[in-house]
Amino acid sequence: MRALILAAGQGTRLMPLTDHIPKPLVRFKGTPLLEIIIKRLLYFGMEKIIVNVHHMADQVVEFLRSKEYYQDSVMVSDETDRLMDTGGGVLNAAVLLNNGEPFIVHNVDVYTNLDITKLIRTHQSDNALITIAVKKRTTSRSLLFDEQNRLTGWQHNQTAEKKIIREYSGDLTDYGNSCVYIINPEFFSLVHTREPISLTDIYLDLAKNHTIKGYIHNQDYWYNLGLYDAFLKAETDVKNPGLMEF
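Numbering-wise (this note's numbering), the sequence shown opens with residue 1 and increments by one.
Bear in mind the hints are in silico, worked out from the structure with no lab data behind them. Quick caveat: nothing in here was measured; it's all calculated off a predicted structure. The C-beta atom is built at its ideal place from N, Cα and C for all residues, glycine as well. Some hints could be false.
[Said to hold, decoys possible] Quick list of the computed label-pair ranges, beta carbon to beta carbon: (1) His20 x Asn98: 32 to 38 Å; (2) Asp72 x Gly170: 20 to 26 Å; (3) Val95 x Lys136: 22 to 28 Å; (4) Arg194 x His20: 19 to 25 Å.
[Said to hold, decoys possible] Result set (DSS-like, lysine-lysine): computed pairs, CA atoms no more than 25 Å apart in a straight line: (5) Lys136 x Lys208; (6) Lys135 x Lys163; (7) Lys239 x Lys29; (8) Lys239 x Lys208; (9) Lys239 x Lys163; (10) Lys208 x Lys163; (11) Lys136 x Lys118; (12) Lys48 x Lys162; (13) Lys29 x Lys39; (14) Lys162 x Lys233; (15) Lys118 x Lys39; (16) Lys135 x Lys233; (17) Lys162 x Lys118; (18) Lys39 x Lys239; (19) Lys208 x Lys29; (20) Lys29 x Lys135; (21) Lys233 x Lys208; (22) Lys233 x Lys136; (23) Lys67 x Lys48; (24) Lys135 x Lys118; (25) Lys39 x Lys162; (26) Lys29 x Lys67; (27) Lys136 x Lys163; (28) Lys39 x Lys208; (29) Lys135 x Lys67; (30) Lys67 x Lys136.
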């Protein structure tokens, strides 16, 4: 299986840690965020890992070239000319990602002990186009799922804005997006834009006619290391950041 690490963002919400280095190279407990995710994905059996780059791309590429896994297991999807957002980043990497099998997408600034093997098994048993790892947590924006864990909508928890995109029965439950996904290769034939676009916009549109499921992992820890205050909190909360804590 292949995986894409979304690592091209400018990291402005992590300043001042990103004043002189790109977000993927910010060190959490002494290890660059990018290396944490690469080692996790290799641990879970990914045969190829693609890293998209844009902001301070030369530093990220130089870092990867210094590692033994570069070229053999890790490749670069170049967005230096144009930042494509999360969904556009997946589409831009299609030639590297699409080998006819499902693939993983993982944000570089997510730190979690989510079991990716269980995520893959659930995705396969649910016969979904996309499976989104989700967790009950406080967040400004939530995804809404019905009783069958099908993506049904989205809500803004501060403005009360809500978007329902398909029929449903029963109650809806809101979850925070954990920013780890497994996606079937049919994705590339269903999404045709080559403009920058978010993954959220893509899967809310696809969920109107296709099955997109939530994988609930409430028992796992999860930190957004892309926010400065959250990063500092995680630095305090995480006592033993062994890479094999999962």
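Cross-check of the supplied hints:
For His20 and Asn98, the Cβ-Cβ distance of about 35 Å falls inside the hinted range of 32 to 38 Å, so the restraint holds. Taking 20 to 26 Å as the suggested C-beta distance range, the pair Asp72 and Gly170 does not conform, at roughly 48 Å. Between Val95 and Lys136 the Cβ separation comes to about 37 Å, which falls outside the hinted range of 22 to 28 Å. Roughly 32 Å separates the CB atoms of Arg194 and His20, a value that falls outside the hinted 19 to 25 Å.
A hinted pair counts as satisfied when its Cα atoms are at most 25 Å apart, and Lys136 with Lys208 qualifies at roughly 23 Å. A hinted pair counts as satisfied when its Cα atoms are at most 25 Å apart, and Lys135 with Lys163 qualifies at roughly 19 Å. Restraint check for Lys239 and Lys29: satisfied, since their Cα atoms lie roughly 9 Å apart, inside the 25 Å limit. Straight-line distance between C-alpha atoms of Lys239 and Lys208 comes to about 43 Å, which puts the hinted pair past the 25 Å bound.
With a CA separation close to 39 Å, the supplied pair Lys239 and Lys163 exceeds the 25 Å bound. Distance restraint check for Lys208 and Lys163: the Cα-Cα separation of roughly 12 Å lies within the 25 Å cut-off, and the hinted pair is therefore satisfied. This hinted pair checks out: Lys136 and Lys118 have alpha carbons roughly 18 Å apart, not beyond 25 Å. Simply put, Lys48 and Lys162 have alpha-carbon atoms about 38 Å apart, too far for the 25 Å limit, and the pair is violated.
For the proposed pair Lys29 and Lys39, the alpha carbon gap of about 15 Å is at most 25 Å, so the pair holds. Annotation: proposed proximity of Lys162 to Lys233 is violated, straight-line Cα distance about 30 Å (limit 25 Å). Under the criterion of a C-alpha separation no larger than 25 Å, the hint pairing Lys118 with Lys39 is consistent with the structure, at around 18 Å. Straight-line distance between C-alpha atoms of Lys135 and Lys233 comes to about 19 Å, which keeps the hinted pair within the 25 Å bound.
Taking the CA atoms of Lys162 and Lys118, the gap is near 30 Å; set against the 25 Å cutoff, the hint is violated. This hinted pair checks out: Lys39 and Lys239 have alpha carbons roughly 19 Å apart, not beyond 25 Å. At roughly 42 Å between alpha-carbon atoms, Lys208 and Lys29 are farther apart than 25 Å, so this suggested pair is violated. Under the criterion of a C-alpha separation no larger than 25 Å, the hint pairing Lys29 with Lys135 is consistent with the structure, at around 24 Å.
Between Lys233 and Lys208 the alpha-carbon distance is near 38 Å, which puts this suggested pair outside the 25 Å criterion. Under the criterion of a C-alpha separation no larger than 25 Å, the hint pairing Lys233 with Lys136 is consistent with the structure, at around 19 Å. This hinted pair checks out: Lys67 and Lys48 have alpha carbons roughly 15 Å apart, not beyond 25 Å. Under the criterion of a C-alpha separation no larger than 25 Å, the hint pairing Lys135 with Lys118 is consistent with the structure, at around 15 Å.
Our distance criterion of 25 Å between C-alpha atoms is broken by Lys39 and Lys162, whose separation comes to about 37 Å. Only pairs whose Cα atoms come within 25 Å are accepted, and Lys29 paired with Lys67 is accepted, the gap being roughly 19 Å. A C-alpha spacing of about 19 Å is found between Lys136 and Lys163, which places the hinted pair at or below 25 Å, so the restraint holds. This hinted pair does not check out: Lys39 and Lys208 have alpha carbons roughly 35 Å apart, beyond 25 Å.
The straight-line distance between the Cα atoms of Lys135 and Lys67 is roughly 33 Å, outside the 25 Å bound, and the hint therefore fails. For a cut-off of 25 Å, the pair hint linking Lys67 to Lys136 is broken: about 36 Å separates their Cα positions.
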